[in-house]
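K.L.:
Here is how the chains run, residue by residue.
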Amino acid sequence: MTPIYVLFGCLGILLALVPVSILLRRFSFVSRLVYVTSFIASTIILVAVFFQLLHQPIVATGLQLPLGIPWLGAHFRLDALSLFFLVVVNLGGAVTSLYGIGYGQHEKVPGRILPFFVAFLAAMNLVVLADDAFTFLLSWEFMSLMSWALVVSHHRQAGNVRAGYVYLLMAGFGTLSLLLAFGLMAGPNGDFGFASMRVQELSPGLAGVVLGLTLLGAGSKAGIVPLHVWLPLAHPAAPSHVSALMSGVMTKVAVYGFIRIVFDLLGSPEWWWSVVVLVIGGLTAVIGVLYALMQHDLKRLLAYHTVENIGIIFIGLGLALAFEANGVPALAALALTAALFHVLNHSLFKSLLFLGAGAVLTATGERDMERLGGLIHRMPVTAFAFLVGSVAISALPPLNGFVSEWLTFQAILASTELPQWSLRLLVPAVGALLALSAALAAACFVKAFGITFLGRARSSAASLASEVDRLSLSAMLILVLLCLLAGIFPGYVIDTIAPLTRLLVDGSMPLQSAERWMTIVPIKQSLSSYNGLLVMAFIITSASLSAFVIHRIASHKTRRSPAWDCGFPNTDTNTQYTAGSFAQPIRSVFGSTLFQVREEIHMPPQGSTLPARMTLQMRDFIWEKIYAPIEGVVAKTSKWLNQSQFLTIRKYLALVLASLVFMLTLVALLR
Amino acid sequence: MMFDLFIQGIQMLVVLLLAPLLTGLVRRVKARLLRRRGPSIIQPYRDLFRLMRKEAVLADNASWLFRIAPYWIFATTWVAASLVPTFATGLIFSWAADLIVIVALLGSARFFLALAGLDIGTSFGGLGSSREVMIASLAEPALIMVVFTVAMIAGSTQLSTVSTFMLSPEVGLRVSLGLALVALIIVAVAENSRLPVDNPSTHLEVTMIHEAMILEYSGRHLAVIEIASSLNLLLYVSLISSIFFPWGLADANAAPIDLLTGLVFYVFKLVLSGCLLATFETSIAKMRVFRVPQFIGTALMMALLAALLMFVTRSL
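From first to last, the protein sequence lines stand for chains A and B. With the numbering used here applied, the first sequence corresponds to residues 79 to 749, in that order. With the numbering used here applied, the second sequence corresponds to residues 1119 to 1434, in that order.
Any given hint could be a false lead.
[Said to hold, decoys possible] Example chain A residues on the side facing chain B (calculated, C-beta under 10 Å, incomplete):
(1) G451
(2) A473
(3) P640
[To be verified] Computed list of chain A residues with no C-beta within reach of chain B, every gap over 12 Å:
(4) H133
(5) L141
(6) L145
(7) R190
(8) S274
(9) V354
(10) S544
(11) D547
(12) P577
Read the hints as simulated data drawn from the structure, not as lab findings. Note that CB positions come from ideal geometry on N, CA and C, so glycine has one too.
Extracted from the complex, chain B is given alone in its bound form (with noise of 0.2 Å):
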């Protein structure tokens, strides 16, 4: 019992330590490909501790949700993140929730980012969260349709059970998993606020979704969401990994040289998306804003058809 409390805990920790880490790699690698040379890749925590030591400005008509929304945020992320299996499936908590719960979760934090954007009563804080809401409701049932299609294939929704199935010979190469991972890539990148949804690093302000939701943060409030949406970022990932490449996952009663490997596993993982990631974004133009439904509602008919080729016939 207290190993297993252990492990949930270590789990937590990992990902709230790595989640700047990543965010930062990405950042660094771009900056290589673009051949300029970039940040420290631990730039994201000098960053978080630079805010946290300032002082928070809020505006004059800031109300109670705008200063409590980004502990909310962070805690809903960070409470996802650390439910989805980064180095082991089988914690001791994995089963208080299942996907269904963490898409939900996240839509929970989404929730209340995208109010926060609208408190102040600024143009660009509306503008964000009017755009984000666009979004999200075709993501939304986009990965809630790839839930399904995992969920059908492993006969649970339980991400555990999912990548320990997914491990197992009997996954095979399937057409609707193929379609799957394509729509899940495609929601993780506009969830993500990443190119060619949105621009992390914009500084035309009429282009931005994320950045302009968060205009009005600074100080703790702002580190709080930064970490929120590296968090957030590092989810994904997991998730991808720990759904269609769960190898190297220890189970939690493992030995912990097992579990040591397991961990190795996963910053491999979190490393070679990272410089995926970043080589698609260096890739490819930012999109207009209102072709954005047209790529995500690909995502969402991908998923679609993969749900419905799963119902059709459980060999596809």
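The shape of chain A in the complex, shown without the other chains (with noise of 0.2 Å):
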């Protein structure tokens, strides 16, 4: 039995699941069972496209099934591409349904959440699986559609509805541009099946049209910047395992969208492709980062983490562009291998970090960082993944989030050699962007994790939380372990994505496994190697021995008192730094130009004992520069609009009559 049926048995389940858990939406066991079948059904799916890409990656399996256009029907395709996005976004879907077991029952109203939840998971895998234009932009929109749901959810809790608007809109637009880009690719025949677009040569002109559009559409699911307004909105409102889900996986097919059809339907790039990528993704990296520095609710903190780590992402892509332009197809596939490995990464640490946030929300109430603290006493556990998550993501050695860092510095030290001159000056900015983003990454989740967990309560939900069920923190500690494994054996995860280099840029990375106590190495030995394993080994190995010479030979006394605080401890929570105050430098130092910061301190009078005040004016620059101005054209033009509402019956006949005269010239016009 080949594994697209095992998948598509699986995904018939799922969707099965959606009139169960309607119908059953009134009984208290329906959220537990639809979590489990669906944790069910992820983990085979997991298995059996883990297998086939560890086996079978080059053999590529297609499926036609009677739906959808009568003359087209429905094409999908497992390759090695959708096998490695599959399992992607299975390990998302698998953990973020065992977390949602326990954190389900905390949910008032399940019927809001199971149906969509479940639809929304079948249709990520819809996507990476299509293999025509149309099941493609139709799985598309149902994604967006039930994540819009989910988003709206608890839509009576402020700022939920708005959010959800924005999405919607967003998405819409989204799904325009990816419908017009591949209306491009069908050319006139419109032939929406891949296979026929893979052999379509396009005019070079077209091509960038093309780019164009699937950067506009891809990458707004993405959430690339400027068009990632919509994210930070949308992912913190859903449920957390929800918001996990969007973070860590759906942009991740988002990024499959990008890949499936720059990498794969539009044929060899020009150069200058890799310009506009590479911009776009320094440039996302480092915003992204900023606004997540300026944020002090835990949620959306790490949704704009996720806009800092697609542009990450984008920078390996562009790179990979730049080098398969040029005919360099090994350090495309370094390029790639980057970008791929941290599209694995991201979706394993953020998703990570969302239940983490999860965790905290259903134990104290708060998303807001300025109302929690010392929360690494009362729930250590959490504590602990969180902690291993702000680490990996912050690319920190020895876990995953430094492997894929690395290998995109090493793609962009490999890019002297590029004979463009624009790209020669760009790559060592773009490094500098990445170099700042990942030092900016972590200040950010010193900040999150460090105001979160540290420190001491700074409210009573904060001092009274407790631990959450042992569901939940098994999943956390899945995705700490997974990190963990990623960072210390990356040749393996590197071997296991070489057949998508070689499907894609025609090239690989020389075989990581046959190295050396699993050293990786991305060109060979003398230029650069990295060994996770013996790193980590190493730093476990001195720790565990200068704690132990030290208990031998130091006094291992331990003494607990107040807090030192250089002799005048204050016991007010509120004389600890805050989410606010820590960002403070940073703010004064980036914040000034770029968010024009305004700080204004109010003294009270000389004499008086009243509390001085501090207003912080920042401004959102993307939104008044970008958005304000179409929001300012549509509701003009509506309201201009609107007035036809209200005609008498005399000018509504002239109207038709002028549209029918105007249509009777053009068709005598251009018959």
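Put the complex together from the two separate chains, hints included.
P.N.:
In structure tokens, the structure reads:
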């Protein structure tokens, strides 16, 4: 039995859960039933596609179902690219379902979430499986709508309806762009199958237009700047395990869409495509992390970090395009491997972090970091998991986030031989942006973890928190384990990605599992190599050795006492640093021009004991400069058109006549 | 194989044992320059043993992170310091990590140090952490850009290969190397909390960064952190000397007498750079915290310029 039948069997189960969960929504067991079933279904798909990817990634299996447009049918296909992304999707699906078993118990109206959750999972699978434009777009739109329903599931909470509205608009815009891109690729004959698009050669200008439309369509879903505005609104609004799916997995499906169209369907790239993608990637990374630093809502901070990581992925993709256009497949494979590795990594640690934020939300009812703190004492396991996720996303060794950033740096270093001058000037600048965003990400996660979990509780909710249920914890710990494994055995991941790079850029990195002690070697050993296992072993050995020696020779007495704080400890928890004050130095360095930060301090009159007040003003320049004008034009136009609702009957008749004459003239002229 | 392991072990011990000595030397020279007598050069060792003998006083709400962070910080710094060539290149584990990994290991140490600063929930700890990450957010990209420049000149990010290449005559004088050197020195000053960025011997809490983060540490935990920061200073000195002044570096497979010569050269370089650092520190005043970004920003821009030069033409 080939995996594609297993896959469709499981997808059928997922879709069958939709009516089940609607019919049984009044029963309390339905939540558990749905999550357990979707966990099992996702795990089966995961195992099936994972073994297919390991053993027979080259063999592409297709399937045609008599659905959709009658003469076209619905085409599905499994190749190395879709297998890899199916692994990412179903890994996220399985873990979030496991988490949902416990987390879903706190849901007051499960009927608003369950049917959409399983449909959302199925839709993401279908997007990755689709092998013709119609099926792809249909699944894509299905995915958008299901996630929209999840975003507005708690529609009475302030801001969620607006988040859903902005999301719906941007999703519609994105699908429209993709529709036009596929229309251009299908050509005048209207052949919507991916197979015929692959052989079709587009003129360079037209291919450039398709690239632009794909960047708009897939990019708006992935969250590239400046199309990211919906993302930090919508991702936090959904329930936390859905946020994990949207941020960790759905943005990856968007990256899949971009890779599928640009690397697979569109034929050989022009070198200037890479300039566009690199600029977008670099700016997205830095702007994303700077926005993240300014947040004090934990989930919104994580959502902005997704924007940053998408930027890192696009930097890798841009480099891959540059190398491919210049006919260096080995380096293109390196850059593409870096991007795909980061896709996997980000899906792991971003899901982990959102699940951690969900646990905090369950335990305290708070997302605002200014009202959290000290949770490491009340929720030690969640704190540990969140810490591992923070280290991984900050690209620190020995965890997985570092490996993919290291590979990206190696790809950047290898690009000195590119013939184009603009690329030679651009690539080091993008390297600097990448380094900057990595450093800022570490700063941001010191803040996220430090303010939320360390220090003293800033509210009674935080001081009374208790650890979440075991299943939620085990979902997080699975991801912790995977982050660690991908970090210390990166060679296996790279070898698993190799069939994809062979498929997309006709090259691959050297076989890594043959290297001694699982070192990874991007090009050759004398240039650069990294051994996560050995670094991990060194750190653990020297840490435990020093701890052992010190406990042998030094005094191991420990005494607890009030904090020292230079002799003036203040028991008021408000004297701690907060999320806002922690970011203040960075805000003053980077934010004064970018966000036009204004800090005003109002001192009380002399002799008064009133507290001083500080007001902080920040402006979201992307919203003000790009979206607000568009909003204004739309509002003005609709107000103007609105007049046509209140005309007299004579004027309506005149309008009808005028348009009739116009149409007839048009026909006469065009014939 | 055994000999290689032995040499690697010697390297790990050498950095660990020499690190406090370098700190002591800098303090001593600084004192002499200020016409004070100053503590003995081995005072840091005495301090460490004194700290280790004392009991550790933990704040009531210190968490497990606060207790394991010193060991993690020490371990990552020690591993990073032993991966930088000191007296010999091509050690047995040198391929396990390249320059970028070393930078990231230091980042990992700083990450945990900043978290430890936030753990107790005091205002000084938060102040130190928030300033530290601000400085790091500029210093780390500058360091990465220096790495880029050096890697492109030497054609490798492996430090051993870089050092061997820098010893060969084909390097020559380059503008980009000069820029990278200045940038690296600025980063080293900032990352080691030296003047003019931070004052390692300050008693005015509001001005401090590193000391504010470790204010709540005592006893053995403080000792471990002190060794780690000494190691950090030694690491930067080794890094600068192995890239820009690699003279006297022996190959790991060379005869023991060559290795010994390498060691003598290394100690000489340490003494020289210690004296230079002390002279630099006594001749400059501390900056206001919000001037620091400009100072480190200069390093970032210089390093970026150096990297751009290398991308534009390989001969500059």
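K.L.:
Now tell me, hint by hint, if it's right for this structure.
P.N.:
A quick look at each hint next to the structure:
no.	hint	verdict
1	G451	holds, 7 Å
2	A473	holds, 7 Å
3	P640	holds, 6 Å
4	H133	holds, 31 Å
5	L141	holds, 44 Å
6	L145	holds, 49 Å
7	R190	holds, 38 Å
8	S274	holds, 41 Å
9	V354	holds, 19 Å
10	S544	holds, 16 Å
11	D547	holds, 22 Å
12	P577	holds, 27 Å
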